[in-house]
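S.K.: All chains, please: the whole structure from these sequences, using the hints.
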Amino acid sequence: DFGRSSELAFVVEPSDDIAVQEQPLILYCQVEGIQPITITWRKNGVMIVDSENAFMLANGSLYVSRFQRVRGDGSSDEGEYDCMAQNHYGLVVSRKAKIQAATMSDFHIHPQNAVVEEGGVARFQCQIHGLPEPVILWHKNSMPVNTDNERYTLLPKGVLQITGLRAEDSGIFHCVATNIANVKFSREARLTVSGSHSTVYKDPMILVGPENLTLTVHQTAVLECIATGNPRPIVSWSRLDGRPIGVEGIQVLGTGNLMISDLTVQHSGIYVCAANKPGTRVRRTAQGSLVVQAPAEFVQHPQSISRPVGTTAIFTCVAQGEPPPQITWLRNGQILETSDHIKLKNNNSTLSIYGINQADEAIYQCLAENSAGSTQASARLTVLWADGLPSPPQGVRAETVSATTIQVSWEKPLQNTKEIIGYVLHIRKAADPVEMEYQEAVSKSTFQQLVTDLEPSTSYSFYIKAYTSRGASKASEVTVVSTLGEVPAMPSLFIKVINSTTVQATWEPSIKLGQHEGFKLYYRKVHLSQYTGPVLLASNVTAYNITHLDASVVYEVKLLAYNQHGDGNSTVRFVSLRETVERTVLNPPCDCMKDEQNNKTSTTGIIIGIHIGVTCIIFCILFLMFGYRGRLLMCKNMQEQLSTPQIPRSQRSATGLVLNGATRRDRDDRDLNGKQLDMNELERLFPASQSQEQQEKGIASAHSPSASHDETQISTLPLDEFSIVEEQPDPLPKNPRGSSPAAPAPDHGPANEG
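The numbering of the sequence shown is the UniProt record's numbering, which starts it at 1 and goes up by one.
Please note that a few of the clues may not be correct.
Unchecked claim - Below are the SDA-like pairs computed for lysine to any residue, each with C-alpha atoms no more than 20 Å apart in a straight line:
1. K343 to Q407
2. K343 to A372
3. K43 to T375
4. K43 to P24
5. K558 to A538
6. K429 to L484
7. K412 to K444
Note that these hints are calculated values from the structure, not bench results.
M.R.: Encoded structure:
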């Protein structure tokens, strides 16, 4: 095991810089690891040779004595510089440092003269390009503008805003741009403040809205928004996506400019400036986008690993940034080329090296780069190799046995065979990537292996390794062989008798048949040895009619599928047409037109009958519903319509009528003083029915004193409307009103509810 000191890694890497013309420049590079370490520099990928102008210091840094943007020979010291370090274990390359010359162009926007009424807003702008970004200051009447005046707002991009103008604001203005390269002055502009403050109403108007900005994290963004109107509008900010702007690092400059300090990626978005008339919903809006980029940085660094020969080494490198960084892998400072045993996956985040050997031992670097910056990380692969391991197995051969089986054989290694504990056979489809390989273990005394469950007509590669307790041998030579083609499977066959001389053979298409070019159909009389056929049928055909057959014999029908590899197994069916002939004699052909007409007539009758039945059921339900409702209403008002005076229970007939279901004796006792039912009224309410029908329903006729021999017919009602009760009459006192008591009714036994 090696400590971190064996890891060749950068402590300090060169960084982006802006150099001043004719001034010295130093690019720093510091490395740690096992000595001796050699450091070299490159510019734009070309090695830098020490010269009077550029040479390497003892600590590994690069010194440029007089930086020049353009030299006499047309070359330039501007470009991308990187530092390379190498020791016994490998080579690493630093991040690329972008070196630019400090410059300043002429002003391409100068301030313009302005005439603004008192109380209004004035805005001056000057714009200039330079590296680094020039600092712009404003002068009024050749004196620096007083930034303590809250009505004066200076924005970083060279904008001067003056709000609430007064007469003393008039004057001559110009700006001064400064950076390490130069100092420049703009043209002058005159501001004239005219008249007095106007009271005329003016709709809110945005003079200048926010512009689109692209910045890097930790920088400061200033979104300008200046508005006019009378009354003075209120300026507010929001995000178009509805997310809150927040308060941390947020500041308002002047009357409505938004400044965001220490930018993060989350600040990216579209910002909306709104000028609102106070106390109303009248507003004007303007918007601009802010894009915040983040240099690439690692979320997961690759780790140095040690692996035995023949195994797999995996490095993982995960980076983030905005925009998302591109990942590139280097091997000892050179771009890593992928191959059958070196694969990159997951957008180059994962490097896999299969079947490693001593040549794969190196330092591997992951470079992450986007438009905002780049970074790198390295890791070393150590290949473990033990002395005395077996040499590779010899004479590997593979022979095709069938469409799904291959026989692989080999001979034992030539050297160091005593410690062998077994062999491993590595199997892979020739067209598959290395990571799809699988293995089968074989005992040390076996020198052949039958590989099964392979795919037909497919090429496979094989190689062997001998294993000991201390590790594996190198891989044997690879051999490639293909499996045989496979004939189609048996089709499913069905026979249908069409008539006395024709049968139909049908079968179903199925993926189980495999690849097939078509079908072959044979048939014969069972007592003959020779088939008729083959009848060749296309692969999309699924039925065939066999005609001109003899109804007196049994036939054998055979079907098989075939392809370029041969014929598949056949499916055989037997069929007899004799039963069809006999059924035809016993059952002569029917009059199909007549049967069809009868069927239509029968169906029509059934439909009409169903309609009639449904109609009758509906009428019955309606009749019962309305009849029940009418009777219920009549029974509820029955006692109000009775006119006959009450008589004692002893004067009533033994067969009495009790309404509303009052059949219990306690109710009869409470109703001793109730009115006697008027038979004439009952006749009027319930029409008479046949005597025979009355007897069947168990309803006895009641005799009144005025009509002792007349039989009154009473219609029945549902049980919840009234009940018929027969009782033993109890001896009662004389009628208190002096009427003569009725004759006692004969004894009919216990009371029965009707």
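S.K.: Hint by hint, which ones does the structure fall short of?
M.R.: Numbers 1, 2 - these are the hints that the structure violates, sorted from lowest upward.
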